[in-house]
Structure formats: structure tokens, C-alpha cells
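Enquirer: Generate coordinates for the entire structure from the input sequences, incorporating the hints supplied.
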Amino acid sequence: MNYPLLLRGALTIARKNMRIYYRKAPVYIFGLLLPTFLFFAFFVGRELDISRYFPGFLAMSLFFTSSSVGPIIVPWEKQAGTFERLLSFPVSVTTIILGDMLAGALFGLLISTVVGVLGIILLGLTVTNIFLLAILFVLGNACFAALGELLSSTGGRTPSNVMMLSSLVRFPLIFISGIFISLSDMTGPGFIIAHFSPLTYLVDGLDASMGQSSVFHWTIDILSLLLFTVLFVFAARRVLRRNLMKGL
Amino acid sequence: MDAIEADGLTKYFGELLAVDHVNFHVKKGEFFGLLGPNGAGKTTTIRMLTGIIEPDAGHVLIEGIDITKRPLEAKMKLGCIPEVGNVYQDLSARENLNLVGRFYGLSRRERESRSEELLTLLGLADRADDYVRTFSKGMRQRVSIACAIVHRPPILLLDEPTEGLDVHSRRVIVDLVKKMNAQGCTIILTTHNIEEANRLCQRVCIINKGSIAAIEAPEKLRRAYESIQTVEVAFDKKVDLCSFTSGHISHIEASGDKWRFHTDNPDEAIRDIVKIGDERGLKIISLATMGPTLEDVFVKLTEGGI
Chain A
1 MNYPLLLRGA
11 LTIARKNMRI
21 YYRKAPVYIF
31 GLLLPTFLFF
41 AFFVGRELDI
51 SRYFPGFLAM
61 SLFFTSSSVG
71 PIIVPWEKQA
81 GTFERLLSFP
91 VSVTTIILGD
101 MLAGALFGLL
111 ISTVVGVLGI
121 ILLGLTVTNI
131 FLLAILFVLG
141 NACFAALGEL
151 LSSTGGRTPS
161 NVMMLSSLVR
171 FPLIFISGIF
181 ISLSDMTGPG
191 FIIAHFSPLT
201 YLVDGLDASM
211 GQSSVFHWTI
221 DILSLLLFTV
231 LFVFAARRVL
241 RRNLMKGL
Chain B
1 MDAIEADGLT
11 KYFGELLAVD
21 HVNFHVKKGE
31 FFGLLGPNGA
41 GKTTTIRMLT
51 GIIEPDAGHV
61 LIEGIDITKR
71 PLEAKMKLGC
81 IPEVGNVYQD
91 LSARENLNLV
101 GRFYGLSRRE
111 RESRSEELLT
121 LLGLADRADD
131 YVRTFSKGMR
141 QRVSIACAIV
151 HRPPILLLDE
161 PTEGLDVHSR
171 RVIVDLVKKM
181 NAQGCTIILT
191 THNIEEANRL
201 CQRVCIINKG
211 SIAAIEAPEK
221 LRRAYESIQT
231 VEVAFDKKVD
241 LCSFTSGHIS
251 HIEASGDKWR
261 FHTDNPDEAI
271 RDIVKIGDER
281 GLKIISLATM
291 GPTLEDVFVK
301 LTEGGI
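Here the protein sequences come in this chain order: A and B.
Taking the working numbering, the leading residue of the first sequence gets 1, the next gets one more, and so forth.
Taking the working numbering, the leading residue of the second sequence gets 1, the next gets one more, and so forth.
If you're looking for bench data, these hints aren't it; they were derived computationally from the structure.
Just so it is clear, CB atoms sit at the ideal spot from N, CA and C, and this is done for glycine as well.
Each statement offered as a hint is correct.
Simulated crosslink set (DSSO-like; lysine-lysine; CA at most 27 Å straight-line):
hint, chain 1, residue 1, chain 2, residue 2
1, B, K258, B, K300
2, B, K178, B, K137
3, A, K24, B, K137
4, B, K178, B, K27
5, B, K209, A, K246
6, B, K283, B, K238
7, B, K258, B, K237
8, A, K246, B, K69
9, B, K137, A, K246
10, B, K178, B, K77
11, B, K179, B, K77
Chain A side only, calculated, beta carbon under 7 Å to chain B, not exhaustive:
hint, residue
12, L5
13, I20
14, T82
15, E84
16, L87
17, S88
18, S92
Expert: Spelled out as C-alpha cells, the structure:
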């Protein structure tokens with residue numbers, strides 16, 4: 001493997017994605033508006049301690065934004081007829097996945113940092129472990145950007161269909177990951193199912209970094225997010241390889 | 001070392017054998033044409049040559065580098081216009097060139113100077129900063145070819161580069177490709193335009209049903225099929241072709257205001273045409289015998305494949 005070429009290709013793809021896809025409507029609808037509406041739907045008119053639920057909301061915002069760019073890129077390029085040309089450049093499937101992932105993760109990092117900083121200032125929250133928070137932001141964004149890439153690798157050439165599939169996967173995750181019902185309040189099958197969601201470990205880690213009660217040790221949260229990231233990248237690579245020419 | 005060595009290339013799509021043990025070598029600096037009817041396997045072959053898909057069997061060497069084993073290094077030597085190879089419509093022409101230059105590791109200065117040079121050469125300088133989505137098809141294809149050559153590749157693969165273009169854009173692209181070939185660039189051209197292949201290519205490879213039907217210089221191919229002769233005749237009035245039944249005429253086709261009589265014996269065919277013309281009171285305005293065109297050879301080789 002020629003790593004300098006791989007890195008150059010990934011950075012160039014990320015730059016191209018940021019230039020083109022950060023301006024696409026589905027990114028804003030599914031990445032920004034949707035979590036905002038969910039937040040209002042949950043909190044408005046209810047006597048809830050917003051600071052208690054803030055780590056969960058922050059995790060939801062990060063989750064939606066970082067996983068909203070990836071799903072549109074491959075189908076959009078296949079539909080526009082640019083994907084075959086991209087494949088003819090000195091890039092591999094791994095390069096494409098890393099480049100797309102990087103663009104998604106940076107978008108998520110930017111938005112979640114703004115949401116996080118605003119929330120912390122406006123709500124007067126205390127961050128008890130800034131390093132843990134920073135690591136979780138980086139890892140969380142990488143993990144969910146990789147999930148977005150996995151969803152986009154499924155082969156379709158219609159962005160709206162892939163976004164629909166992506167919603168089908170993402171919506172159930174927010175209900176089983178301790179966002180609306182705190183992990184410490186979960187019992188029985190719900191708590192067991194929560195273990196299978198990568199979002200659970202982000203919510204739990206953010207709880208820990210903001211001085212809230214957490215269920216797992218923070219090292220478990222980090223390792224789990226790392227494991228899910230690797231899993232999503234390898235799965236995306238395998239699925240995209242198989243579906244490379246589908247829809248061209 | 002040849003520019004491209006394709007040995008035993010084979011590709012299946014499910015049960016369908018799209019490319020069947022295709023072998024050819026392209027010499028450095030050669031202008032090589034890939035011809036074939038729709039669905040013959042040309043685009044699949046080009047996709048294997050450019051590393052877009054992997055062959056099920058066989059291998060491709062790009063200047064000695066195996067594109068399956070070292071795809072990134074091999075692709076660095078290629079410039080390519082794929083069959084579905086649009087440029088980014090949400091970027092300007094200049095931004096597209098800049099992006100491609102980054103993929104090939106060009107410095108900022110190189111990207112800027114080469115973009116300027118190519119955009120001027122291709123008549124796009126005044127629209128360089130407009131979004132490509134506002135361009136005509138011909139202009140988009142000119143941007144596409146600029147993207148394929150901005151890094152000055154030693155090998156250029158063009159899959160139907162002039163398909164559906166206006167005369168001006170076609171000429172601009174053909175002239176540029178000819179100029180690059182004259183400067184030593186190896187060109188592989190896939191085209192339906194047989195006349196274009198005849199004019200440009202030093203050798204053509206005719207693919208039919210996934211296999212190579214012939215590889216030869218266009219002139220040698222024509223000579224190999226000398227038996228396909230044509231007598232082209234113009235009469236002074238409308239002709240009932242059914243009258244022209246002769247054992248020496250295989251079939252007749254219209255060619256503008258003339259008629260082309262295909263034969264393996266021009267001498268006897270001309271005698272028959274003159275005799276039948278006399279009997280029908282037709283005056284011959286012009287008469288010429290012609291050897292087979294590359295198109296005739298192509299049709300002969302791919303009969304039943306279209």
C-alpha cells in the first residue's frame with residue numbers, strides 16, 4: 001500500500017466533498033433540522049432538567065450531523081456520472097471511504113462543537129474531563145461518519161432512497177441509546193439492546209465528561225466507539241467494493 | 001517495455017462472459033483504436049485497463065506496473081475519459097482542473113499554470129470560473145478532456161470522447177489528441193466513429209462479443225479484405241434496384257445520390273451494371289470502383305454481432 005498516495009487521495013476527496021456536498025439540502029435537513037425538531041418535540045412543554053439531558057442531546061446532534069454527509073456522496077456521484085471518473089483517478093475504495101468519512105466527521109465536529117460550546121455556556125454546565133470530551137468528539141464523529149459511509153455503500157444511485165435507508169437505521173438508534181431515557185434508568189431488554197448501539201457509548205462517555213452519572217467506565221466507551229468505527233470502515237469497504245459498478 | 005500489456009483479460013457479469021481472454025499490447029507513442037458494436041465489451045475492457053474494475057482472469061501492465069497489484073502507482077500514469085465520466089457540475093471549470101491536479105500531486109503553481117494553458121487552448125478561458133452546470137455538452141466534454149490531461153499523462157484512454165458533440169468541439173478535441181500523440185503520448189481510443197478511427201489510429205482492435213476479431217493497421221485490414229469491393233454509380237434518373245440482379249453483385253445500398261454495388265468481381269459487376277443500365281435507358285453520370293472501407297471490414301468482422 002502506497003500510504004502517501006492514499007493520504008493525498010483521501011484529503012483531496014474530503015476537500016472535494018466539503019466544497020460540493022456541504023451545500024446540499026439533504027445534509028441540512030437530515031443533519032441539522034431533524035435533531036433540532038426532535039429536541040423541541042422532547043423538551044417543549046415538559047418540566048425536564050435540560051442540563052441532565054444535555055449530554056444526550058449533544059450526542060444526538062453529533063450523531064445526526066456526522067452521519068448526514070456520507071450517505072449522499074456515493075449515490076449523488078453515481079447519479080451525476082462523476083463516480084466512474086473518480087475511480088479512474090489514483091484512488092482506491094479505501095481512499096474514497098476515508099475521504100468521504102473525513103468530510104462527514106469534520107462537518108459533525110464543527111456543528112457539534114458549536115452546539116456543545118453554546119449549550120455549556122448558556123446552561124452553565126461544567127465539563128469535568130475536557131480531554132475525554134475532546135476524544136469522544138473526535139471518535140464519535142469518525143464512528144458515525146463511517147456509519148454514514150456504510151449506508152451510502154449499499155449501491156443505490158438515488159440519494160433520496162439512501163437517505164430513507166439511513167433514517168431507517170438512525171431513528172431506532174436514538175431511542176435505544178439513552179438519549180430520551182437515561183441509561184441508568186434503563187432496565188431489562190432495553191438495557192441489553194442498548195449495548196449494541198454505538199451511540200450508547202457516546203452518550204455515556206459525554207455523561208461522564210460532564211460530571212453526570214455514567215453506566216460504563218469511560219475506557220469502555222472509548223474502546224467501544226473505536227471498535228464500532230473499525231467495524232463500520234471494514235464493512236463499508238467490503239460493501240462498496242461489491243457494489244462499485246452498481247448504478248453506473 | 002510496452003505502454004500497455006493486456007494479457008488474457010476475462011470478465012464475467014454473473015453468467016454473462018463480457019470479455020473473453022483479450023490479449024493486446026500497445027506500444028509507447030502508439031495511437032490505438034478499440035472498435036466494436038454496442039455490447040461488444042469495449043467499455044468493460046477500458047474499465048479493466050484503467051483499474052476501475054478488476055478482471056476475473058488475466059492482467060494489465062501499465063508501463064510494467066500491474067494495475068491490480070499496484071493500482072495507485074499504475075493510475076498515476078494514466079489520463080482517462082471514462083464512458084460515464086462527467087466532471088463536477090457544482091464546480092467551475094478551473095476548480096475541476098485544480099481538483100484533478102491535486103489527485104496527481106501537482107503543486108499549486110503547476111495546477112494554476114496548466115489550468116490556464118488548457119482552458120485557453122480549449123477555448124474556455126472566458127468561462128473558466130463559471131459553474132460547469134451552465135456549460136453546453138461540448139464545453140463540458142472539453143473540460144473533461146482538460147481534466148484527463150492536466151497532469152500530462154504518458155498514456156491517455158478515451159472512451160467515446162467525441163460522441164454526440166458539435167463539429168467545433170469534436171475538432172478541438174481531435175486536434176488536441178493528435179497533438180499529444182505527436183508529442184509522444186500513447187493514446188487508446190474507443191469509438192463508434194470508424195472514419196475517425198481510420199484517420200487517427202495506427203492500429204485498431206476490433207472486438208466482437210467479448211473477443212478480439214482482428215488487430216491490425218487500418219490499411220492492412222482493408223487490404224486483407226480486398227474481396228469486399230464496391231462500384232459506386234450515379235445515374236441520371238431514379239433507378240429500380242430490383243432490375244440490377246447479377247451473380248456478381250452481392251448487395252446494393254444508397255449513398256447520397258449514388259448507388260454502391262458490393263462485389264467480389266468489379267470487372268464483371270461493371271459490365272452487368274452497364275448492360276442493365278442500357279436495357280433500362282439509364283445514363284451513367286459517374287462510376288468509380290472502390291476498395292473496402294474500414295467500415296466494410298468492421299461490418300464483415302462483426303456480422304451478427306450488432
